[in-house]
Structure formats: C-alpha cells, structure tokens
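**Q** Here's the letter readout for the chains.
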Amino acid sequence: MVSSISTGGTGGQGAAKRPFLSGPVSCIAPALVLIALFFIVPVLMLLVRSVLEPAPGLENYAILFGSTTYLRVFSNTFLVATLVTVVSVVVGFPVAWALAILPRRWAVFLLAAIVLSMWTNLLARTYAWMVLLQRTGLINKILVNLGIVDSPLALVNNITGVTVGMVYIMLPFIILPLMGVISSIDASILRAASLCGANRWQSFTRVLLPLSLPGIAAGALMIFVMSLGYFVTPALLGGASSMMLAELIAQLVQSLVKWGLGGAAAFVLLVVTLGLYFLQLRYLKVDKRS
Amino acid sequence: MTRPFLSIQGIRKDYGDFTAIRDVTLDIARGEFMTFLGPSGSGKSTTLYILAGFQDPTEGDVLLDGESLLRMPSHKRNIGMVFQRYTLFPHLSVGENVAFPLRVRRCAKSEIEDRVHAALRLVHLEDLAGRKPALMSGGQQQRVALARALVYDPPLLLMDEPLSALDKKLREELQFEIRRIHQETGVTILYVTHDQEEALRLSDRISVFSQGRIEQIGTGRELYAEPATRFVAGFIGDSNFLAADILSVAENKAKLSICDGIVIDGVPVQGRPAGTGRPTLLLRPERISLSHAREACGMPVTIRDLTFLGNMVEVSSVTDRDEPVKIRIPFGNRIVSELASGDRVWANFDPGSLHAFQD
Amino acid sequence: MLLDFNRLGGVRYFLVIVTGLVLLFLILPIVFIAALSFGSSQWLIFPPPSWTLKWYAELFSDPRWLYTALTSLKIAVIVTVLSVVLGFLASLGLNRGEFAGREQIRALFLTPMILPVIVLAVALYALFLKLGLAGTTAGFVIAHLLVALPFSIISISGALDGFDKSIEDAAILCGASPWEARLKVTVPSIRHGLFTAAVFSFLASWDEVVLAIFMSSPTLQTLPVKIWTTLRQDLTPVVAAVSTILVALTAVLIFTPLVFRKRQKDD
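Chains as they are written, first to last, in this note's numbering: chain Z, 1 to 290; chain X, 1 to 359; chain U, 1 to 267.
Chain Z on its own, in the form it takes in the complex (with noise of 0.2 Å):
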C-alpha cells in the first residue's frame, strides 16, 4: 500500500527527497551502534589479540592443539556435548511425543512443569544437583540403603555429574521444539499406515520418525552447540579432570592473564559454533526443497 511518511518537514517542489537518516535507517541506528561498538568489535579484538600476544603469529593455537592438557579439554568438551545430547534426544522424543497427543488437561500440567523447570534460575538449578550428587547427598544414600552399591558413587566432579545437571538443562530445549514438531504431523498419515498393514515398530520405524527427524536434527544440534559452550553448570559439577572449554576461557584470561591463548581458545569455540549453524542452515535449506 503505502511507502514510509514523510518524518520531517520534508515537502519540497514535488521531487522531494528525503535526506539519507530518515525514518528507518536511523530508527535502527542506536541499537546498531551498541552491537557494532560493544559486540563485534570486541569479539574482533579478541581474535586479534589471540594472533599478536604475546608474540605474532599463530604461536596460540599451536599450543592449544598441541599440549595434552588442552587436548584433554577439547575431548571432555565434545564427549559431554555428545553424550547431553544424545540422552537429551532420547529421553526427550517420547515425552515430545507424549505431550503432542495427550489429552488438553494433562498436557498443559506438563507443558507448565517444563516451562517452569526451564525459566527457573541456572544456579538455583544446578546447586540442586550439587546438593543431590555429593558423596552424602540423597542420591546416593539411597543407592547404599537399597543394596545396589557398597559405598557412595562419585557421582559429581565428574563427567558424570556434568552429564547429568547438563541433561537437566538442556531436556526443555529439545522436548519442546520437537514436540511441535510431532504436533503438525498428521494424524491421518499414521492411521493410513497401520491401514496399509504396518506393525506399531514398523509405523514408528518407517513413518513417525522419519517425518520427525527434522524436529529432532534441530534440536540436537541446538543443544550439542549450547553445550559446547556451557559455563556454568559444568564449572560447579565439573572438576579438575573434566574441564570444558568455557570455564578454560574463563581461568584462561581471569586466572592465567593469558590473553593471547585464551582469545584462541574463544575463536575456537566461535567457529565451531558458527560453522555448526552455517551447516543447520544449509541442511534446513535442503530439506524445504525436498
């Protein structure tokens, strides 16, 4: 219909034209020059520091992926990320599942737990866990009262229990998108398939998950990408031997004053991330055509 209202007073003898800034362009102008100034220029420097200091060249990365230290990161962070998401994945399809064709009053009881649990404070979250994994904690008391182990597990400071308060972090970030997913299937697809003579495996098998795989891909990408860089909650279930990437940047620069490899260490897992959503784009630009 219309193209923009002239902002000022900008009549003019007819062929008027509007002076560059109007209108639009500078609307967006403040929120533009706060993520110019404040997020790629320093994300920038960053890496720009990770090729100067202490010396030019690419002295950092070579120490990254040469010492066995960091190499040790690097696999802890990738084996956490790939575990989180594959139990993610798995014990989240059923519930999706569920949540997609349960009747309205017990979904919407569910969809509220999971809302909750996902909007609850990340501390608050993962000192529960703290609480519940420590040598003492309820977890394994019961686990000794009921017989199943002699003597308490190592349950926390440990890939285990970074596992663990990661799964409980992530499972809302898959159960929800995919139970979306589920939801736009149609019902009647299935229903023709069991008329065709397909078993409840083969109808799973053959129709529900395929037609659910995109949901599923999303997903477990979004959550393996989250997890990569994770902070937090591996930093307080983590211990020494378990460290991932984040809380590396992080002792890196704060603990260390090691700018230079800590800046590598960032624009590793920086590329790593963005390459994954470059790859997610390209794989979701495939499938709308087919």
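It is possible that part of the hints are untrue.
[Said to hold, decoys possible] Okay, derived cross-link-like pairs now, DSBU-like style, lysine-lysine, Cα gap no bigger than 35 Å in a straight line:
| no. | chain 1 | residue 1 | chain 2 | residue 2 |
| --- | --- | --- | --- | --- |
| 1 | X | Lys169 | U | Lys165 |
| 2 | X | Lys132 | U | Lys262 |
| 3 | U | Lys130 | X | Lys132 |
| 4 | U | Lys184 | U | Lys165 |
| 5 | X | Lys132 | U | Lys74 |
| 6 | X | Lys109 | U | Lys130 |
| 7 | Z | Lys258 | U | Lys74 |
| 8 | U | Lys54 | Z | Lys141 |
| 9 | X | Lys109 | U | Lys54 |
| 10 | U | Lys130 | Z | Lys258 |
| 11 | U | Lys74 | X | Lys168 |
| 12 | X | Lys76 | U | Lys54 |
| 13 | X | Lys76 | U | Lys74 |
| 14 | X | Lys132 | X | Lys76 |
| 15 | X | Lys326 | X | Lys168 |
[To be verified] Chain Z residues, not near chain U, derived (Cβ > 12 Å throughout):
| no. | residue |
| --- | --- |
| 16 | Ala36 |
| 17 | Leu46 |
| 18 | Asn121 |
Rather than coming from a laboratory, the hints here were simulated on the basis of the structure. C-beta atoms are modelled at their ideal positions from N, C-alpha and C, and glycine is treated no differently.
With chain Z fixed as given, assemble chains X and U onto it according to the hints.
**A** The following block gives chains X and U in isolation, referenced to the frame of chain Z:
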C-alpha cells in the same frame, strides 16, 4: 479571476523505471464532490496518497487555496481522510477516537466535548460515544471514521474506497449518508472508487483514470453522453463495441461501414486524426430499438437470448459478423413479447448518438 | 495410529511412564531444594532432622545478600527500560525500512542470543578493561543489554507485524506528528508485545550469570554472582533459601503475562 480552490498541477510519480502516474492536472472548486474513478492500478489511489502526504511526487505540485500543499508534512496539512479499512484506534472509545484530532491540536476541554458531540450527531451516532470500535459493525465504524475526519473542519476530505468493504445494502445507505453530509457541511471531497455507479450517484464531477493518466474529466452526464476515449466509453455505462471501417470524414463526422456493408453517415469521431486506422463504434444498449422491418438507420442481428431484469429486458444478439450486441428494452415495450431466440430482426439507432473512437 | 493417544495400546504405558519419570526428574530437584531450605541440617542431609527458618533469617540479616539483590534489581530495571526502547526503535526500523542488508542486520541483532556467552563475556571484559568500564554499572548494563535486546526485538517485531500501519497513518492525518502518532496510537496497540519484551529482558538480566561474573568487581556484584562465589566455596543451605525465593519469583513473573494476555483476549 478566481483561482481554483484545489489545483493539482502536472503530477508525476515514478518508481524507478516504472511510471505510476503522469500528467495528472485538474482544478477542483471549493465545496465540490470530485471522484477519481478507474480500475485497480490506474493511479487514482496513488494521486490521493500524494495529496495526503504518504508519497512524494516525482514532479508537479498541489496548491490548496494558493499554498503549496507538498511543502508541508502530512500532519500539518489539515486534511481529513477516510480509508477503506476503517483504521479506528482500537484502544480508544468512539468518543475518544473522534476527540483525538482535537486533543492533538490542544483544544480546550469544553470545546472538544461540544465538537465531538456535533460530529457524532452529524453521522447519527451520538449515543455510541462510549463504545469500543471492535464492538461495532463495519458501517458504524466507517461513520465514526467520517466523524473523526470532519471534527476539525478540514477544508478537504479524502476518501479512499471507503465503502468497498461493506455489503451492497449498507453501501447504498452510506452513499446516501455521504451525500447528505456533503450537502450539510459543504466540505470539498475527493473520492476514490472503482465502482462507476457509486461515482455517478455521489459526484459533482468525475475524473476517469486509466493506466496512470486521466482520460477525461466531466460530470456523469458528460462522460456518458460524450466519452472522449474508448476506455471512458466502456467504463461508464454499458456499451457495445463494433469494428468499423472509415469511408470518409467531413468536419469530425465520419461515414463508416460496419458489419457486412451497412453504411452509417454522420458519426462523431474522437481520437487520432480521422482517416487512418480501424476505429471502434460505440452503441449504447438502451439507445437501440428493435423492429421486424428495416428503418432509417440500422443493422440486422440474430437474437440469442432474452433475459428478464425486472423493469427491462436484456436481449443478447449477434451481428452478421458474429459480434455480440446487447440491447435493453423497457419491459412495457410491445415488441418484447414478439421476440424469440433465433429470430432475425433489425437493430435501429440514430447515428448522431453514436461515437467512433480511433484509439 | 501412533498419534492417537487412545489407540496406542502397550506403547501408551511406555510413553506415560517415561513422561512421568521425566516430569519427576524435572520437578523434584526444585522441590527438593525448597524443602532443604527449611531443613536444619547444615550439610543438607535429607530428610532433615528438623525444620527451621534460620537459613532465611541468615539470608535476610546479611546485608551483602540484600545489597547484591538490590544491585541485580537496579541493573535489571535499567536494562529492561533500555531494551524495550531500543528494541522498539530497532523493530520499527526493521519492519518498515526497505534498505539493503535488512535481513542481515536483523540476523545480526539476534546473534548475541545464539553465540556462546563466554566468548562475549571475555571479549567485553577485555574491552572494558581498556575503557575503564570493568566493574562499573554502565558496563554491566551494556553487557546485559546485548543479550536482552534479541528477546525484545523478537517480541516487539512480532507485535508490529500484526499491527495495521494505516491506523498510525490515520493518526498522522488527524494532526499528530509521526512520533506523536507512534506514542499515542502504535505503542498502546502493541502493548502486549512491549510487556512481553519487558518481562523477557528483565529475566535475561536478572538471571544472567556468565557476563555478570566478568563484569563484577568486589564492590559491584549481582545476586547470581554472589551465589556463584558462595557455591565455589561451600554448599551452605542459605543458597537453598535464595534459590527457593528465586523460583517463586520466576513462577510469578512467568504466569503474570499469561494472565494478562488472557484478560486482553477477553476484552
């Protein structure tokens, strides 16, 4: 020499390579009801939006009472406007909607109350001042929009297809209301519509738009009786168009041959200089009479169908060249009862009432 | 068949059991902490030997907890106001402007939300050290604004998409200047979007941990930072008390907009 109240001069609007409107020039008198009539995309709304200030023209100027309107930003132009989609403020009541322009002009509280009440009375909605727009019908909302546009006594009221979203009965009711309000207030109105019947009902004068230009300006009667172009002839009133060949031209009247060898003399010609090209002949359906015997000027047609339309009968027929011709005959006319599908009769007309177009 | 709950047969039990377990998994820890906050054991033994309010008493009598809470509140409020204002401006520009790179700029605005916060935290920390903004309220606000703005833009853009611009044009013709029209007509019409933007911006700042850790100084800490440093030392039940209060606040903040939106639908 009185200068015109509203003078639109040489307006042109380009979007990159595409020219939306060009050479739009016309003068409007104070208190006149002028309609911009044309199909979608003909440029009539674009012209209106230039007047409202939503668009800037590439060339040209608009003078209201001698002052250039285009120099002023929209909110200073003091023009009223009613849109197709009511555009009432959803979070305000009817009374607050109408009061809005006055509040923005910082009028005194008592003055606001009086004028809002007067405006609502003008549109017969005084009792609904407290209601929210969402709870009102389309017709009522449009009347509120009208009250809001008039409450600050603007010299000019723009209306952009305000009745298109309403059903037929409501449309006719509101057309009557608009005409009455125009007479009561004397405000100058610029009305945009694609409905020629609406234009004929409401306007003092009509500007017919086609493909970004004005084809003709005149009263409804002038446009109907003396169409300047084939487009105007086809857009206003019903029409039949026949292919014709020019035999000779004298003093802007041509001698034409139509169908198979029927010769008609004394037809007024419009368009390019006569003598070249194949013109089209316009016959109005209600200007044709039917007879069994040949009369002074006419052509043979074969009847295909007869449709009873209440007060008249519409006869669908074809010429010997298979060109369709519609004829309208008042129901009381004797010949109607004598006609049947398949009959071959004579269609008679007066050459002076025809028009030939060369464009 | 698989999507009809009533015709699932045996699968139904599997789904219900797994869902029930997950539900317990998600809710019990929160309930557990709430229960512990009233328990008398300092080593968080469950079930606690007796019930008490002493952890809450300790919490409220310690001026440092109160101070950090107020700091969090102050920063969150400033961030909320700035986020809604800047988000409104940016959404206006994005929704109505037609300039090259518009979609790219929109994506750029949303980037702080999807990139790992640790990277941003470290980068900002470096920049602020140079600019002297480290450990200042201004630095804090800027950092939180970066992560709150995407929520704001998403919410307000959505509301603007559903808003008919010709209403704003009509207001201008009625005599209101463009910004007057936006304030008096557009803003009231999209108020639910603005409110949602405010709630999410507030929560984004109030709950934020990673940036806060790097933006803090010994004299300037937000509540999450205080919890963090406390947890690095020991697992005192005072943290359980704080957590319980935070959970309650979150629940209130989440359910208020829902009630608000329901009431607006009933209007």
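**Q** Any of the earlier hints contradicted here, and which numbers?
**A** The structure conflicts with hints 3, 5, 6, 9, 11, 12, 13, 16, 17 and 18, although it agrees with all the remaining ones.
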